[in-house]
Structures are given as structure tokens and as C-alpha cells.
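Colleague: All chains, full assembly: derive it from the sequences and hints.
Spelled out from the first residue to the last, the chains are:
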Amino acid sequence: MLAMPRKDLILFLGFAAAVLAMPIWLQPFGAAYPDLLNRFAIFAIFAVGFNILFGLTGYLSFGHAAFFGVGSYAAVWSFKLLSMDAVPALLFAVIISGLFALAIGFLSLRRSGIYFSILTLAFAQMSYNLAYSVFTPITNGETGLQLSLNDKRYLDRMFFEAGPGLPSPTLFGVTLNGYVAFYFCAFFLIATFFIAQRVTGSPLGMMLKGIKSNQTRMNYTGVNTRPYTLAAFVISGMYAGLAGALLAITDPLAGAERMQWTASGEVVLMTILGGAGTLVGPVIGAWLIKYFENIFSAINDNILTQFWGFLPEGAQHAAVLISSKFVGEGWFLTLGLVFVLIVVFLPGGVMEGVRRIAALFRPKNPDSADAGTASTKPQPAE
Amino acid sequence: MTLLKRGLSRRRVLQTGMAGIVGTGVAPLMFTKGAWAQEFCNNPTGDTITIGLNVPLTGAYAEEGADELRAYELAVKHLNGEGDGGLLNVLQPSALKGNGILGKKVAFVTSDSQTKADVARAGATRMIERDGALMITGGSSSGVAVAVQGLCQEMGVLFMAGLTHSNDTTGKDKKRYGFRHFFNAYQSGVALGPVLGQEYGKDRKAYHLTADYTWGWTQEESMKNATEALGWETVAAVRTPLGAGDFSQFLTPVLNSGADVLILNHYGNDMINSLTQAVQFGMRDREVNGKQFQIVVPLFSELMAKGAGANIKGIFGTSNWHWNLQDAGTKAFTKSFGAEYGAPPSQAAHTCYVQTLLYADACERAGTFYPPEVIKALEGHEFDGMGNGPTLYRAADHQCMKSVLVVRGNENPTSEYDVLNVVQEVSRDAVDYDPAIFGGDLGPAEPVPMC
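Chains as they are written, first to last, in my numbering: chain P, 827 to 1208; chain X, 327 to 777.
These are calculated hints, taken from the structure and not from any lab test. Note that this is a predicted model, so its numbers are computed, not measured. Certain hints may be false.
[As the list claims (entries may be wrong)] Here are some of the chain X residues that sit facing chain P, going by a computed Cβ distance under 10 Å: (1) G449; (2) A537; (3) Y539; (4) M609.
All C-beta atoms in this analysis are idealised placements derived from N, C-alpha and C, irrespective of residue type, glycine included.
Modeller: Written as C-alpha cells, this is what we have:
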């Protein structure tokens, strides 16, 4: 356990470099601005955590947004009651969402397969509706929980007086905004990626993969699988809580819509789009979806007219008319098409595409064939 | 787990990793430093300025959002000296020249707020950080307006609210960088109360259905205060989720509650659905407590009235503005909007158009885009000619003080747009109130936050 396989190390370092250099290589895509970069990092954490449960154990949770939302609420309450510092907010959020995941996981994991999915969906939808109505004093309902000038901030008040206006989240006195916030989130993405990598390779990870391939067989060999699945559930719940807290740190507001079933479905899409069970896949899926959501949805007719400017008048008009259905508010349509194409032709997600392309360039020598590639090829169901 | 002999220790990995993070993490910050050397957020350096339009194109308020977008595009055209100039010709006093703002052409970027606070904030941040928007404007949901207004305050970018009717926007959640031209729920209650008393008597039992967010809450409170002052009794006030679609489960209890007035604190598609269903339930044909059952929709718009069709006939509500008013400003705007889009503008379109012009005018008068100076130019500014009569941008809470219209669904519409009649124009003095009643604090204008 003290050493890392070389392949993992290269993957980790490559991933870290790619994440840290995002402000540079995303420039040509028009996505290199702090707010979107923050979202890239935050939702990647969310997806990586989700993958620990779904990718490793095969348990498909449809309610992970609940933990995400709980993390956000916990972080904002920490800002309101304790301090504007990010550290207590993160700790508070991860602990609360972990406990929440423990409670929901304890109940939901009594069932597997579709029943488990439905149970988690029900719990998440319950949390959403509670946040929306009954818990309004805690969550501020539809308007969302926000900072206000009358907040107590007991911890901060012990050390210094309140300044004018609303304070921003800080890290040991450094204001977390713009690129500082991004590198803060990026640090957590890299750290959580590292942890996910270690979990995947650990005995716990082996056990979880065992559960995915045949839980009944494991039970018959005398292994109680429940503690392992529960551990995976809680870990991924804490990941979601961490992501939610980071979102609240970069933008101190928490709304109930973060817990809606569409938000839970989004993380499932991210994981499947990128490639469930792989480490990098969910990250790529998260980036793709957030890119579509923020960039594609902002393309309007003016931009399209410029884009198709090289065509003659009539053709330009037609091109704008057709393509405008796929951008702007029609970005869901494009995303849906991409999703269908990937699921039909690349069931393993984007990562399978990457592997197939890599295989084309590899010499056809059975000795050098990577063991990892062989094992992840589509196999008949057991 | 496979362990390679040449594998590195965890400590080594962490050390190199941290060194890499520190090294690469700090380097790009040096490059971006130059971007912060401006004196305020998105200080325009070229010959164009960009404004960010944050409107709902999907969700319960999509129709209002689409009309707002049309109005913004028209306003930008007029500011740049294209088209017939619209309200530029009638604004009094005006510093606008029809050559853009301070000689710079106006461009715009858009974002779909989806009537969700989270999405709207992300969209506004994108327009500020990536597209260099100098001012954010838009609305149709007070929840969104309050959230975006808070964001704009943090970023040091002006927010000219579009359609937002909650008391909180310029009440407890008011912000130094946020301005609202639209009226609010309190003013609706004050204007509508006496008319309801006159029409329906002093002895009524009211049942509220309320959209469950900041606007609904304040509207319900304001309507309760206004009607209870008349002597009405409030039987119940039930909160409904925004965008519910089907309101039958909320409407059934009304029938057995003993209430004889239903007050629908709904807007947009929600109001169209709840009103249509209430009429389908036969509520308007009922008699309760020996009186004709009545429905009241405190905040009305032409788009909603159009959507609800014949169900709207005879129903009372309030409006910020109506295209059928006969002053020069209204006529000019209706003509110009009609010529461009072939339909009269809604109140949402009107308030958004006016807000854009007021911002441009304030920049011209301040002689700069520097937000604190523009704020000073707007605060306490008295103007006329925009279709609402003499109007004051109150300095204490950034709320426009102007007259409010009490409207009623037209019994005999002559066209599909002629759906509302203006019953009464309640004067500015009558709907005036002390800004202190809602609390809140504007916060400072300076130092200007850096986005």
C-alpha cells in the first residue's frame, strides 16, 4: 500500500497537470472563465464520488443530488453561523452529508438493483420536497438560502469586527474568488481523484468490484457484503457533500433545486457518458455536460448568423434556422443525441472510444496487449 | 493490488504532487494579474459596451422572458440610433443622444435563467466573467432577481431588475447595485384593496393560493393586509410549488372551505393553469354564503390574460403598465414595438425596455460607466414620459415610485390583445410608503468589488 503502480502514478500526474492547466487549454473552447472552471472541478468531484458507488459496486443511486444539496446547505449554514472561512464549511458539510448518507444508505441498501434505485430516488425526492416546503426555516424554500447582513458568524466575531457589506468566503484570510477559487476547487478535485484511485486499488475496491460481478456468490462464500456497500455509499455521499460545499463556497447560495431528481439524473448521465467504472471517465462526462449546459445554451441566433456567414443569404438563413434548434434552449436536444449515440455505439462511454482509438495505434502483438484493456472489453452477461 | 518494485512511496507522490500544484497553480495567476488592473469590473476599453440579458426562456415564465428579450433588443436598437427611436424621444429629462452610450455602441449577450436561482447566477457570472458584461438585467421571477442582485453586488456590476414584484427585491434583500422600475406586491395590495371593497363588499372570506417563493410570500402578506383592513376574513393561505402545472389538488379544498373569494397569488403559466382549472371547477358560477364566488389575481399581465382566454373576463388585478394608456410615452412604445414585432408589448417588455434606457441615461448623465457614479445618477432621479407618469427612483431603496393600474379582464374584447381594461389609475401618492417598513440595507457602493 505504500507504493503506487507506475501506470496509476502516470495517470494521476497527467490528470493533475490537465486539471491545473485548464485555464490554458480551455481557452480556445471559450470555457476558460473562473465560474465554469469551478463547475468543471466541482461536478467532476461529484461524478468521481458517484463512480465509487456506481462504477465499483454497480449500485445505481438515483438520489445523489440529496447529498450534494445537504452539503451546500451545511456549508452556507457554516458561513452564516460560524465563519466565512472555507475549512469549517467543508468539514461541516462533509460530516453532515456523510451522516445523511449513512442513514439513507442503511435503509436503501437492504435492497439491490431497481429497488435500490427507486428507494434512493424516493429519499432524494423527499429531501427535495422537505427542503422546498417543511424545512423552509432552514432552507428558505424556493428562494434559496443566502447570506445576510444579520448573520451571527460567532467564530469570525471572536477575532474581528464585521466589515461593510456582505463578506465573501475566505481561506485563512484570502478571498476565494476568480482563479483563486478555481485552484482551491482544483486542489480538491486532484485530492479526491487520488483517494478514488487508492480506493479502487485497495482491498476494499477489490471487494466492491466483487460485489458488482456477483454479489450472490460472495454471500455464499460467507462474506457479509452490506458493510462494504454501505462504506462505498457513505464515501460517495461524502464526495457529493464536498462538491456541494465547494459550490456553496464559490457562490454562497444554496437552493432546493440542487436536490431535484434532474440533478441526480445528471450525475448518472455524467458517469455513463464518460464511462462508468473508469476513473477518468466520470470526470470527462462531467466536463462535457457542464460545457454543453453553459456554452451551448448561450449560443443565440446572432452568433449562428456570424458562424454561417460564409454561406449565401438563403442557405445561411436555413442553416441558422436548423442549427438554432440544437443550441440555445435546445441544448438538451444536442445532449440527448450525443448521449444516445454514445450509449449505442460506445457502451463504455467516452473512455471506451479512447481505448478503441488507442488500440488502433498499438502494434498487434498479443504480448504487449494491456491486461486492463482486455478485461474491460464487453463481455457476455454472467 | 499489484505493487511494482519501482513504485514510489506515498510520501514521494504527495511531495511531488504538492510541488506541482504549487508550481502550476501559481504560474497562471501571474498572467491573469493584468486583467485586474482595471479600475472597475469590465471597464470598457473598445468602442462597444456589452450588457447581459438574463431572462427565462424555459419554465413557468418563459413567455414573459421571450417578450422581455424582444424589448431589450428593441432598446439596444434605439440606443444605437436605429429604428424610430422609441421612448428616446419622449423621456424627460434625457441625456440620450442615440449614438450608443457615451459614444460606445451597445451590444448584448443572453442567458436562459430557466426561472432557477442557481442557473441564473451561473448565467450572470458567465456573462460578467467571460463576455465582459457591464450591466446585468432581466427578471420574471423575484427569487431569481434577488439571487442575481446579490451576485451583482458581490461582483460590482449594476443590476437593472426586469419584472420582479416581490417586496423583498427592494425591501429586505435590497442592494446598492440593484435597481427596480417595476412596482411591488405592497403597492398592488394598497391599490387593489379599495376597489375590491367597493365591488365585493366588506364581508368576505378569502382563500389564498400562493406560489411558494419570495414573491408569493410577500404578495400573500400584502393582499392579506389589504383585504383584512377592509374587514375580510382569511380562511386559509396554501402554498403551491412553482411550475406545478396541475392545481386541482389545491383547488378541491377551496370548494369546502366556506370561502367566497379565491385570491390567486400566481404568475405566468402557473396563473393560467390555476385560473383555468378554477373556472373548470365551476367556481365562478357558485354561490357561497349567499354571495357570488369571486376570483382575484393581484398581479396581472397581458400575456397571462391572453393565455387564460375567456376565463379572465371580469377578474380584478393590478398592472405596472398597459399598452392601451393614452400618454405620449405609451403610444410611442406601443407603436415602435408593434411595428417591430406585430403585437403590443406586455408590461414585462415595457419595464425591461425602460430599465435599459434609464441605465443608459444615467451613464450619460454621470459621464462615466464607473458603477458608483452611475448609482448616484440613478438615486433620487425624477423623470417622466416613460408611460407611468412622473416617476422617482427612490434613493433609500432603489424602488421606482409611480402610479399603479387596477385592471379588469375585458368582458367584450375587440381583438386578441384587447384583454384588459384599466379600471383605475392609482396615483403615486396613494401607493407611496415608508421604505423602512421592509428593513434591509443597501450596503456600500465603494470600494467597488472586483469581479
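Colleague: Hint by hint, say whether it matches the structure.
Modeller: Right, here's what the structure says about each hint:
1. G449: holds (8 Å)
2. A537: holds (8 Å)
3. Y539: Hint holds; X:Y539 Cβ to chain P Cβ min 3 Å, cut 10 Å.
4. M609: violated (25 Å)
Taken one by one, the earlier hints fail for this structure only at number 4.
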